[in-house]
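Chemist: Here is how the chains run, residue by residue.
2 protein chains.
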Amino acid sequence: MGTAPGEFEIIRDYFASAAQGEGVVLGIGDDCALLQAPASGQLATSMDTLVAGRHFPEDADPAAIAARALRVNLSDLAAMNARPLWFTLALTLPRSDAQWLRQFADGLLQTAAQFGVSLVGGDTTAGPLSITLQVIGHTEMPLRRDGASPGDHVYISGPLGAAAAALPVILGEQRVDPETQRQAEAAYFFPEPQFALASAISELASSALDISDGLLADLGHICVSSGVSADVYLEQLAVAPLAQALAGKEALERAATGGDDYQLCFTVPQQQVAKLNKLDLEIFAIGILTEGDAGVRCWHNGNPWQVSSTGYKHF
Amino acid sequence: MGTAPGEFEIIRDYFASAAQGEGVVLGIGDDCALLQAPASGQLATSMDTLVAGRHFPEDADPAAIAARALRVNLSDLAAMNARPLWFTLALTLPRSDAQWLRQFADGLLQTAAQFGVSLVGGDTTAGPLSITLQVIGHTEMPLRRDGASPGDHVYISGPLGAAAAALPVILGEQRVDPETQRQAEAAYFFPEPQFALASAISELASSALDISDGLLADLGHICVSSGVSADVYLEQLAVAPLAQALAGKEALERAATGGDDYQLCFTVPQQQVAKLNKLDLEIFAIGILTEGDAGVRCWHNGNPWQVSSTGYKHF
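These protein sequences, in sequence, are chains A and B.
For the first sequence, counting from 1, position 113 maps to 113 in the UniProt record's numbering; every step adds exactly one.
For the second sequence, counting from 1, position 77 maps to 77 in the UniProt record's numbering; every step adds exactly one.
Possibly wrong hints are sitting among the right ones.
What the hints assert, rightly or not - Not close to chain B: a few residues of chain A, all C-beta gaps over 12 Å, as computed:
| id | residue |
| --- | --- |
| 1 | T49 |
| 2 | A78 |
| 3 | D106 |
| 4 | P168 |
| 5 | L204 |
| 6 | K249 |
| 7 | L279 |
| 8 | A285 |
To be verified - Computed footprint of chain B on chain A; a stretch qualifies when at least three of its residues, placed anywhere within it, have a C-beta under 8 Å from a C-beta of chain B:
| id | segment |
| --- | --- |
| 9 | 26-35 |
| 10 | 120-130 |
| 11 | 137-145 |
Bear in mind the hints are in silico, worked out from the structure with no lab data behind them.
Quantities reported herein were computed from a predicted structural model and do not represent experimental measurements.
Built from N, CA and C at the ideal position, the CB exists for glycine as well.
Please model the complete structure; the sequences and the hints are all you need to start from.
Modeler: What follows is the structure, encoded as structure tokens:
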């Protein structure tokens, strides 16, 4: 095509084909999408904005940007034990660029197909590059962050620190060999929403969330919402091999405070631990909840551990 | 407060109180909001982005920006004959500014209360000022744009051209007296979603949409979606008094092609026109649908009327 595509052509050519799937009565192209909610259970919805230069480098692979945007958003559904149904896209672009759009759309729709979620609407505007996605899912047994009690055990769903350690590589501040570069890009742009794990623990866990701002900050949110404190034993924390390779002796701090891994942090009452252990999941027990409002206290081999940062702040 | 509020404080202080209302099981503060959909009918959802410097002046009254953002989004629900239930907000701000946020939140929540819609979640990020809203509503009898047929009559729900004529005033390019300034701000920032009218015509209309891009462009969307053409008789078009006052002899063109009024354009089959007339609505018959794919043809006092523009293009 010789000319830059306009708004309606962008929507029609790149995204309209995606609006099919469960519950989609009417997809892209009208004032609203029309959706049929499941007869039972509840809807779960979450919205995330990714801004160029802040959440991803402006010149990053458009397909990787799209994949990260959707995976991050889907992770919120996973953290509530909701299965994905629909999502919408608000795309703000400095200019209409057919090649960038094609790559972005390919990455977005490939990710959508992988997780079984349908693009049902959105908006495209001109302006500084920014992506806002809203996902809507369905849950019969939601995992909330306000159900934890003193005595509950604290778990994480996998090793932490990879995405935080990868960030300097993604930003071009740290040069590494091609294989490490590939691992860094995978860790940062392709986090894995923990749907299967959330489903497995949904009848046992008293609270859960996804670790987006950093373990200690996010566990702090469970503490505030549930009215408890937490003791975390950092020697039990699983540190991602990539974090050890890239961050050296700072790897533990990256794992404790770095965001963007999108593993789950969840709590399980003492009386459910035996059932949990029978599930033989690859999870890591890292601490215990206590009474009071002291927040999250960290220990390392029996000594108090002082954190220099408690998570990513957007302002 | 001596310090600028951080992300969590913004959410907690300014928006969290709003998350109540019909179907809200769990509002702001967890990974997802949890929502209970009505037992029958369908959900309708729409997303709109407003970018500073493009959709509103960066230094506009924050409460007015918020009101316009939500009203524009609600208008999409009205156009589908959906009543509002919930909405989410993605707010990107260059810096954390407590006074701006307070005014924005006041305008947003006041508008939300007026239309009975609950803020259930969102995201705040740092970056160039931009607002993305997504509304979710409920409809038992949706008004779509693909149901029109040749012979249907074309209507608009009220006078057009006010918002387009107001734009130069809003942008500071046209100086007017204080009363006209007030009317211009009302027309641009406080469009009225046409919920009552949509409900009244829902059993009679064959198609409907809200006029956001301009009458001729939006009627063109009905033509494409329904596979019809349209003849529009511009002498029957109701031109807003403000458009006549501000745009003079260009008022008719503003009414035909200017966007942002958010009146409805809808079509009614011949055999339903008598019933429609009995409703005694303040609406305006402006044309007729025909066969073919000739798009929208305009006439003025019997002569073909050439438009110099067919609506706002975002790129």
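Chemist: For each hint, tell me whether it holds in the structure or not.
Modeler: Results of checking the hints against the structure:
| no. | hint | result |
| --- | --- | --- |
| 1 | T49 | violated (4 Å) |
| 2 | A78 | violated (8 Å) |
| 3 | D106 | holds (20 Å) |
| 4 | P168 | holds (20 Å) |
| 5 | L204 | holds (18 Å) |
| 6 | K249 | holds (29 Å) |
| 7 | L279 | holds (22 Å) |
| 8 | A285 | holds (22 Å) |
| 9 | 26-35 | holds (count 8) |
| 10 | 120-130 | holds (count 10) |
| 11 | 137-145 | holds (count 5) |
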